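Enquirer: The two chains are supplied separately, each in an independent frame; assemble them into the complex guided by the hints.
Respectively, the protein sequence lines represent chains A and B.
Each residue of the first sequence is one higher than the one before, counting from 1 in our numbering.
Each residue of the second sequence is one higher than the one before, counting from 221 in our numbering.
Note that these hints are calculated values from the structure, not bench results.
Careful: at least some of the hints might be erroneous.
Said to hold, decoys possible - Straight line, CA to CA, 30 Å or less: simulated DSBU-like cross-link-like pairs of lysine-lysine:
1. 242/B x 9/A
2. 134/A x 367/B
3. 3/A x 241/B
4. 66/A x 335/B
5. 242/B x 3/A
6. 200/A x 304/B
Here the structure is a predicted model, which means the values were calculated and not measured.
Below, each chain spelled out in residue letters.
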Amino acid sequence: MPKVKMPRKSTAIDMTAMCDVAFLLLTFFMLATKFKPDEPVTVVTPSSINTTLLPDSDVLLFTVDKDGRVFFSMDGQPKRKKMIEDLNSQFKLGLSDKEMKSFVTGASVGTPLKDLKNYLSLSEDERKKQGLDKGIPTDSANNELKTWIEYGMAAQEGSINKVKYCIKADNATPYPKIKEILETFKQKHIQKLNLVTNLKAAPQGTAAWQEEQAGGKKKE
Amino acid sequence: MAEMDTSSSGGGKKHGGTKSKKQSTRVDMTPMVDLGFLLITFFMLTTTMSKPKTMDLIMPKDTKDEKEQNKVKESTALTILLGKDNRVYYYEGLAQDPNASANPEFFKASSFANKGGIRDEIIKKRDEVSKMRNAKGEPEDVVVIIKADDDATYANFVDILDEMAINRIQRYATVDISDQDKTWIKQTEAANGVK
Numbered sequence: 001m002p003k004v005k006m007p008r009k010s011t012a013i014d015m016t017a018m019c020d021v022a023f024l025l026l027t028f029f030m031l032a033t034k035f036k037p038d039e040p041v042t043v044v045t046p047s048s049i050n051t052t053l054l055p056d057s058d059v060l061l062f063t064v065d066k067d068g069r070v071f072f073s074m075d076g077q078p079k080r081k082k083m084i085e086d087l088n089s090q091f092k093l094g095l096s097d098k099e100m101k102s103f104v105t106g107a108s109v110g111t112p113l114k115d116l117k118n119y120l121s122l123s124e125d126e127r128k129k130q131g132l133d134k135g136i137p138t139d140s141a142n143n144e145l146k147t148w149i150e151y152g153m154a155a156q157e158g159s160i161n162k163v164k165y166c167i168k169a170d171n172a173t174p175y176p177k178i179k180e181i182l183e184t185f186k187q188k189h190i191q192k193l194n195l196v197t198n199l200k201a202a203p204q205g206t207a208a209w210q211e212e213q214a215g216g217k218k219k220e
Numbered sequence: 221m222a223e224m225d226t227s228s229s230g231g232g233k234k235h236g237g238t239k240s241k242k243q244s245t246r247v248d249m250t251p252m253v254d255l256g257f258l259l260i261t262f263f264m265l266t267t268t269m270s271k272p273k274t275m276d277l278i279m280p281k282d283t284k285d286e287k288e289q290n291k292v293k294e295s296t297a298l299t300i301l302l303g304k305d306n307r308v309y310y311y312e313g314l315a316q317d318p319n320a321s322a323n324p325e326f327f328k329a330s331s332f333a334n335k336g337g338i339r340d341e342i343i344k345k346r347d348e349v350s351k352m353r354n355a356k357g358e359p360e361d362v363v364v365i366i367k368a369d370d371d372a373t374y375a376n377f378v379d380i381l382d383e384m385a386i387n388r389i390q391r392y393a394t395v396d397i398s399d400q401d402k403t404w405i406k407q408t409e410a411a412n413g414v415k
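The following block holds chain B by itself, in its conformation from the complex (with noise of 0.2 Å):
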């Protein structure tokens, strides 16, 4: 310790006689912790301390191969596009079908709020579709086709692959679009009037 007692006499001097009056060892530290808390400051500031999460993204292979490709079937598929602007348009399918678009309601367009938002769309579907038994007689999973327009940005992309974590789905995948869906989202946008 720094501070030692030094006030009484030690056990040194056992004759009386002269004694002489012994200084204090006591050391003023003040200096010292205002260093020391300087210190501390300047390294909580400057360093990391937290470090960044990292969410794992796993390519698929390209094959040109037709038969390893994966089918997806319609009835268990939902597309969701990404436009501008963090506009999100979805719809069930795969839009493979020419007829099926013909239905007016068949685009729709959502957002990445919390509630109402494209979360809200993607549990519906994968309830709906997890009620389907496929041959075997098991229960189907929904497949989720991610395509981002160009506008899009790389927080929306990252935001997409973070609802199939919130919401588990198994099965998704991010696709080029097409050139039929940049049609649909500059109809959907012309008809909102989004600019």
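Isolated chain A, as found in the complex (with noise of 0.2 Å):
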């Protein structure tokens, strides 16, 4: 009989494996996450037992800082794109097709109509040094928010039932301020609002803690 002759294994480890772990997982990452959109302001949300998810679309956010800024955002291009041109057109704002662009493409907005023109030409950093992130006004004699509302809610066009009004304000935020965004909203007869808050557990012993341990028959 001939000698197998049994090839030299080296010790070079098959990374195949491994690779494609990564790679899958890199995907996953990939599809199921979005990036954090930017915010002009850090925000920390109080926490609340409630579980209902903020939804994807069709939202109209208002974030509230720790001074009371008031900011701005709506998802979905499109309606953005005819909301800027709807405030263009009915404010006289004069904005360029490039300051239209910047809103369209942009995150929050917080500034006085005023100031919108030059607001939306500037880089957010420059927005920052040149302190034109003052927030949309709400109070009762220069009540902007409502603009907001109003050219937010047209913006909608079809899904105008499934627009979910979020605030999304700071721990901090003073409660008169918070008073003014609920009044204004009550003004335009909005009635239902959501009010964005981080998840913690009920508390042991309490009526919701029991309902979870009954079997989790949420009447949320």
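Expert: Quick look at the structure:
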């Protein structure tokens, strides 16, 4: 019998499996997540036991920071386009195409309408430097929040009934500011609002906790 | 697969003759794996995984008409006031009756603490009220009136709404704070040396 010559194996490890896993995870993270939207202000939201999720689309989000500055944001580029065109023609803001594009592709906006042209022509860093991130005025004399709600609603077209009005406010936001905003919504006959919160567990021994223990039949 | 064993001569060459040594087609994947994990790390850090949760808030319509307004019975009501520095004050009833507030024990202070805080008071009142019977003989529901002072923060507001959800209080309302309530808060703060 001829001697079978065993090929000498190298000590290199087969990385194929590891590579497969790495790219599988990569694909998963790319598909399952979305980029953190860039916000002009950092907001630490309070926590509640509510488990209702913030919907992905048809959301008008009003961000309120701890100094009470209000920022507006909305999803959907076609909607944003329609909205800025409406605002432009209604308030004669004289926005250029570039400035409108900056609104369409941008994130939150928070400035009085008279500064909007200047605001949109600048980059985010320049806005901060020039102090243009003043927030949308909400006082009763000049309630521009109302305008933003109106035009935001008008831009929704078909899905007007699905729109969620969300308020994302900071822990330290003073209550009178929240009240002003709630009053504004009330004037627009919007009764159902969503407050953005973090999730916390229901405290032990309470009614909500007992319900959870009893089989998760939630009354949400 | 990226690795193919080519060290043994294939079936192509049946005649012996000159055997040219084939190079292995094995690829070193280490840099690729490195890149893969680098990208994973990047995506894990820059993206949001958990979506924020929302709390529903349904506001009542403003009605000027007295008849349309819901009447709350004094006996089933619990009024909670939110003051500054996360302080909570409460009293039973609506304080519409001026005599009710003559009792020095009437206006009480509490906190958002898990034990011995406002939650215990809500539960106590809820259980007390559920023993009462209305005209039809059904158990009464407690009605919580929430009034926030100007010094209160949004966190207080959400916390107290959350208490309603935690204790499954079905009926509650946020109401503008009255001057009387403000005076009481000031007095209590003064009595406790709060600036």
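Enquirer: Tell me, in ascending order, the numbers of any earlier hints that this structure violates.
Expert: none
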